[in-house]
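Peer 1: Listed below are the residues making up each chain.
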Amino acid sequence: MYTQGLDQADTAAPSPEEEVQLRDAFQARIDAEEKIEPRDWMPEDYRRTLVRQISQHAHSEIVGMLPEGNWLTRAPSLKRKAILLAKVQDEAGHGLYLYSAAETLGTSRQEMLDQLLSGKAKYSSIFNYPTLNWADIGAIGWLVDGAAIMNQIPLCRCSYGPYSRAMVRVCKEESFHQRQGYEIMTVMARGTDEQRQMAQDALNRWWWPSLMMFGPSDGDSAHTAQSMAWKIKRFTNDELRQKFVDVTVPQAHFLGLEIPDPDLALDEETGHWCFGEIDWQEFKQVLSGNGPCNAERLGARRSAHEEGSWVRQALLAHADKQRERSSAHEAA
Amino acid sequence: MQERELPLWEVFIRSRTGLNHRHVGSLHAADAAMAIQNARDLYCRRQEGIGIWVVESAAIHASDPADKDALFDPAEDKIYRHPTFYDVPDGVENI
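As you go down the protein sequences, you meet chains A and Y in turn.
Just so you know, we're using our numbering here: the first sequence kicks off at 238 and counts up by one.
Just so you know, we're using our numbering here: the second sequence kicks off at 283 and counts up by one.
Be aware that one or more of the hints could be misleading.
Claimed, not checked - Quick list of in silico lysine-lysine cross-link-like pairs, DSS-like style, CA-CA up to 30 Å:
| id | chain 1 | residue 1 | chain 2 | residue 2 |
| --- | --- | --- | --- | --- |
| 1 | A | Lys272 | A | Lys468 |
| 2 | A | Lys272 | A | Lys480 |
| 3 | Y | Lys350 | A | Lys468 |
| 4 | A | Lys409 | A | Lys359 |
| 5 | A | Lys521 | A | Lys357 |
| 6 | A | Lys316 | A | Lys409 |
| 7 | Y | Lys360 | A | Lys272 |
| 8 | A | Lys359 | A | Lys480 |
| 9 | A | Lys272 | Y | Lys350 |
Claimed, not checked - Negatives, chain Y to chain A, calculated, CB over 12 Å:
| id | residue |
| --- | --- |
| 10 | Thr299 |
| 11 | Ile332 |
| 12 | Thr366 |
| 13 | Val370 |
No lab work stands behind these hints, which were simulated from the structure alone.
Quantities reported herein were computed from a predicted structural model and do not represent experimental measurements.
Backbone N, C-alpha and C define an ideal beta-carbon position, used for all residues, glycine too.
Taking the hints into account, I'd like the entire structure generated from these sequences.
Peer 2: Dropping the structure here:
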């Protein structure tokens, strides 16, 4: 039951002593791995953190449809087109699951949408890069969805019930996304010289932005410590990034492709792949709105919203009319 | 102008015959027909269901988590409601 989370405003704010007790009891529940549900008491900063994280996540799914949507009409075969269409539909679904989960915390769909369209809300930096050729669709599925899965699997155990349930559903659907991407890369890497070059070029362009998807380095991550204490996050950004590199490098080697990082080297002792420094300046620039496609992505969302306005109004007008007719019919 | 938001609906799916409808999530829709259509697209993309219920969220009444103890504790000490409470003598079968 999701909506009742909205009805929290009328409960009186606890006194400072009560607040301390409530917080202790809350943390004890978290420590005992209990799930927090919408109508349970929660600290305001826990609620705010979740609204920020879940809505950013939802926005990312929605904006994430755009780079791939670019290739729906250009997919090289009917099979690839059907697959890509199914994937893009899933991304829309994932955005909607997540918006619903955020709404249980007392924020409205409209508020979240306004924040996205006004440019106030952030979404994953990765979707501000262009999809220049078909191999990019392979690279996105393999790397971007691969990184997303790495991030999302621990979120299935997040302390907030509705978020964790949404993530279980998302993760179940997501693994086909990564496999279809890797399959595209496999076909291209085993194709003509030109196709192999396209695959390598896509890897070159998507590798570093994919690593940036895990967010700032642990030392610079403002929210990590608190989010880990609340069991919203289970691993730090750097831990997840390392896991991603460790599983992905052998997959690239299997394709005969080269990771575009001269510093990449296997540490024989730890078994981990060491990698070079991420260009954090680029990350900050893209996140703050100055990436290659930020303006285009937001522009596309805004015009979709504005051009759909008459449809939403017509739907409501029709529903109102039907309701009036049926009540008039009952009265007669 | 602030747009009126489409109402929120709760979605329940019957995954196959013989099973109950189960709450799966929520969505926004103008009316019941649109809610069912959207529920099909949102919650049944992989044959998750053979039946859909939608209920306007505002029509659902829920128990208050603060009343949890008052509501549910009374059942805690009534262990005689379970068959394991009773001793069955050795040698008695089919009971």
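Peer 1: Taking the hints in turn, state whether each one holds.
Peer 2: The hints, checked one at a time:
The straight-line distance between the Cα atoms of Lys272 of chain A and Lys468 of chain A is roughly 10 Å, inside the 30 Å bound, and the hint therefore holds. Our distance criterion of 30 Å between C-alpha atoms is met by Lys272 of chain A and Lys480 of chain A, whose separation comes to about 26 Å. A C-alpha spacing of about 24 Å is found between Lys350 of chain Y and Lys468 of chain A, which places the hinted pair at or below 30 Å, so the restraint holds. Simply put, Lys409 of chain A and Lys359 of chain A have alpha-carbon atoms about 25 Å apart, close enough for the 30 Å limit, and the pair holds.
Restraint check for Lys521 of chain A and Lys357 of chain A: satisfied, since their Cα atoms lie roughly 15 Å apart, inside the 30 Å limit. As the CA atoms of Lys316 of chain A and Lys409 of chain A are separated by approximately 22 Å, the hinted pair is consistent with the 30 Å bound. Between Lys360 of chain Y and Lys272 of chain A the alpha-carbon distance is near 27 Å, which keeps this suggested pair within the 30 Å criterion. In summary, the hint linking Lys359 of chain A to Lys480 of chain A is supported, as the alpha carbons are separated by about 25 Å, within the 30 Å threshold.
For the suggested pair Lys272 of chain A and Lys350 of chain Y, the alpha carbons sit about 15 Å apart, so the restraint of at most 30 Å is met. Every beta carbon of chain A lies more than 12 Å from that of Thr299 of chain Y, the smallest distance being close to 23 Å; the non-interface claim holds. The beta carbon of Ile332 of chain Y sits about 18 Å from the closest Cβ of chain A, which is more than 12 Å, so the claim that it is off the interface holds. Its beta-carbon lying about 27 Å from the closest one in chain A, Thr366 of chain Y satisfies the requirement of being farther than 12 Å from that chain.
The beta carbon of Val370 of chain Y is kept farther than 12 Å from every beta carbon of chain A, the shortest such distance being approximately 37 Å.
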